[in-house]
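Start from the sequences, fold in the hints, and give me the full structure.
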Amino acid sequence: MEPFQTFEGLVCPLDRTNVDTDQIIPKQFLKRVERKGFGSCLFYNWRFDEKGNKKPDFVLNQPEYAQSSILVARDNFGCGSSREHAPWALQDYGFRVIIAPSFADIFYNNCQKNGILAIRFGADLIDTLIRRATQESFMLTVDLEQQRLSAPSFDAKFVIDPYQKEVLLKGLDEIAITMTYEDEIAAYEKKQTAAQ
447 MEPFQTFEGL VCPLDRTNVD TDQIIPKQFL KRVERKGFGS CLFYNWRFDE
497 KGNKKPDFVL NQPEYAQSSI LVARDNFGCG SSREHAPWAL QDYGFRVIIA
547 PSFADIFYNN CQKNGILAIR FGADLIDTLI RRATQESFML TVDLEQQRLS
597 APSFDAKFVI DPYQKEVLLK GLDEIAITMT YEDEIAAYEK KQTAAQ
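In my numbering, the protein residues as written are 447 to 642.
Mixed in with the good hints there might be a few duds.
Derived EDC-like pairs: lysine to aspartate or glutamate, alpha-carbon spacing no greater than 16 Å straight-line [unchecked claim]:
(1) Lys559 - Glu620
(2) Lys559 - Asp607
(3) Lys611 - Glu582
These aren't lab readings, by the way, just hints derived from the structure by calculation.
Only a predicted model underlies this, so the values are computations on that prediction, with no experimental measurement involved.
Here it is as structure tokens:
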């Protein structure tokens with residue numbers, strides 16, 4: 447997993463509440479188990495019509511948001527079934543940061559496990575970010591070490607669990623975390639073998 451320290455990206459306003467995982471990545475695309483290749487399926491039913499043509503009114507189909515890497519949404523983002531494919535699709539599309547007032551717990555944890563920084567912000571700050579991103583294309587800088595979001599005329603601190611922060615800063619997934627205990631595991635196995 448790539449370490450997350452400071453990141454600057456284009457903000458995409460998704461002005462919707464209760465965006466569930468089936469809207470993020472519809473069930474018909476869940477047949478693969480590899481983590482790559484899901485970006486083209488992200489928000490598929492919102493992005494494309496029944497013939498596969500892009501719907502021009504959906505935000506990601508608008509040219510000014512095509513290269514977005516920071517998504518700002520409303521309450522309860524990532525609700526629904528607990529499919530890890532949802533953060534895979536967001537990440538494969540290019541999103542590194544998701545900002546919302548609240549997230550479904552499993553989705554929030556799956557983001558952290560896959561290197562996506564999910565940030566909870568109050569509704570007033572979300573209103574500000576969505577309004578600004580709707581009025582103009584703008585870049586936002588995310589400093590995980592300082593827990594700060596900044597842009598011209600915008601500066602805000604965010605809260606994150608210290609463990610999640612450390613894991614993201616170091617770019618550790620669950621296997622990499624386990625491997626940090628490799629010496630202790632080897633010593634334990636050696637001790638168990640000797641005791642038999």
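Does the structure keep Lys611 and Glu582 at a Cα separation of 16 Å or less?
-> Judged against 16 Å, a Cα distance of about 30 Å means the pair is violated.
Given the hinted pair Lys559 and Asp607, is their alpha-carbon gap at most 16 Å?
-> Holds. Lys559 to Asp607 sits at ~13 Å (cutoff 16 Å).
Going straight from one Cα to the other, do Lys559 and Glu620 come out at no more than 16 Å?
-> Holds, at about 7 Å.
Figure legend: structure checked against the earlier numbered hints; the only hint not met is number 3.
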